[in-house]
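There are 2 protein chains.
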Amino acid sequence: MDNIKIFCPASVSNVSCGFDVLGFCLDGIGDEMIINKTSKKGINISKIIGADLSKDSNKNVASIAASAILKDLKLNHGFDFQIIKKIKPGSGIGSSAASAAGAVFGINKLIGEPYNRNELIKFALEGEKHASQAEHADNLAPVLLGGFTLVRSNKTLDIIKLPCPKELFVTILHPEIELKTSHARAILKKSIPLNNLVKQSGNLGALVSALYTNDYDLLSRSLKDYIIEPLRSKLIPEFDLLKKTAINSGALGSGISGSGPSIFALSKGRDTAIRVGEAMKNVVKNLPIKHKIYVSKINQNGIQAI
Amino acid sequence: MDNIKIFCPASVSNVSCGFDVLGFCLDGIGDEMIINKTSKKGINISKIIGADLSKDSNKNVASIAASAILKDLKLNHGFDFQIIKKIKPGSGIGSSAASAAGAVFGINKLIGEPYNRNELIKFALEGEKHASQAEHADNLAPVLLGGFTLVRSNKTLDIIKLPCPKELFVTILHPEIELKTSHARAILKKSIPLNNLVKQSGNLGALVSALYTNDYDLLSRSLKDYIIEPLRSKLIPEFDLLKKTAINSGALGSGISGSGPSIFALSKGRDTAIRVGEAMKNVVKNLPIKHKIYVSKINQNGIQAI
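Taken in order, these protein sequences are the chains called V and X. Take 0 as the starting number for the first sequence in numbering that gives the first Met the number 0 and just add one per residue. Take 0 as the starting number for the second sequence in numbering that gives the first Met the number 0 and just add one per residue.
Taking CB as the label site, the calculated pair distances span:
hint, chain 1, residue 1, chain 2, residue 2, range
1, X, Lys54, V, Pro192, 32 to 42 Å
2, X, Met0, V, Asn213, 37 to 47 Å
3, X, Ala185, V, Lys154, 24 to 34 Å
4, V, Asn194, X, Gln81, 31 to 41 Å
5, V, Asn194, X, Asn57, 21 to 31 Å
6, V, Glu166, X, Leu74, 45 to 55 Å
7, V, Lys70, X, Ser181, 49 to 59 Å
8, V, Glu177, X, Pro229, 34 to 44 Å
9, V, Gly111, X, Pro236, 51 to 61 Å
The hints are simulated quantities; they were obtained by calculation from the structure and are not laboratory data. No experiment lies behind these values; they were computed from the predicted model shown. All C-beta atoms in this analysis are idealised placements derived from N, C-alpha and C, irrespective of residue type, glycine included.
Let the sequences and hints guide you as you build the complete structure.
Structure (structure tokens):
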């Protein structure tokens, strides 16, 4: 096999109560990447469509991740990348994770899969680090493993794939403003009240339980964030009203996707997820910002060759 | 039914990564309580054996909890309590929770069970509040519901009973020094680094997952506490060595039981739990403090009439 085309899905991290540890993979929203083996060693990016990103292989998330996997191997050839960005960088739905995961997933396929999907995370993380100035696998894990994932330890990359109810659907509202992860991280407080740890722990534990037991009501009650959302939501136009609207329209819960500005809502059933999206769109229709709406099931397969 | 005798089990709360939210119920370690209906209205404590506790019904945890349930009812009779304390107050294995739960469980039985076990928690909490000056159901929940429990919300008492692997056994080392919950709480810091929230979240989520999937290795990796243990362990003689000894002897993990001074260790299989206890006992045998060792399975039934 000398070339491969990949679908690199978008993802939602944090998921209200799981700051820097929880994430899930989206379906039907994602980048495409074409990778060709080349006789020349190293990484070349010949084309980027859809986003104004650097083709310099020391600056591009995909090529940095690709270089990390190549460091481990002795190959007598290289790779050329064509990247079709459909996820806007800085949108909060894992643009850099999709690129980093795509690069390592594609190369691994082209060289006969010496690594499993779990092992690929550490290479992709090199790219992600470059993008967000923080070492977190909460978007990479769901992209590479699919479904809902929990990062027990970012240090050792101890990652668990969690089950999730079949009827769970996601609505994403993406306001077309860019919010850099590094900026969204800078506004966080370095310490939090102990009392909020207790509330967050209760909700996170309950959310994990709800995923194992298909308990939609418990899932709904546990989608709360007392720590990050109150700070970051100020950066997102009409966040409070959008969240309230999503819940009033039948969503189980709603919150900031990753570091924003995208907002996610989880619903039971596709019809509800569509209705939630329409109601949210209605809130923002007169704002001087364009908004996109996506509705997706939880993507259990993660990144795939197409 | 005019009288009842109850076994009021001990319990372990916090469980390393679940500060103020997680707990489990012990078997074979607990108080006994005899409650008789009396023609005189109100609560009387006629006997307390095994601990120097007030019989004043405004000051005793059991009678305060009993009064809370009576407030809800219009009875033309009262109750007399005889309490045989086998759990030492201030030992960290839920002495006050056992008393509070015993009182409300016993009265509920004697009046035809108008409440279910979950509903009894809010009454028992009135007693617990008096004892620990904090409103947490992390010991009461496992005593009343049995097994492992998670308190999603202490405010609304949204409580989930978690499954747990059948071969899970507990070793308790109880140094016979009293450590008041209020004192152990006072030494905690009011705020914690955000970074520690992430580590604690990862471990708590993983622990809940491990309980659902019977994954002993994951359970072991997730029994970590970066927030509370470093502070409270200083109050417990030889804590670090005891913990290390427990783990080196085969325990999956070890930590402070509740607010201490008792230390718990979780093991796969009774034989390992016994071996862990013997090794821990060996560490403290020359200390000028008496220590008790208990080995128990997880008590799935919780509090019971005997």
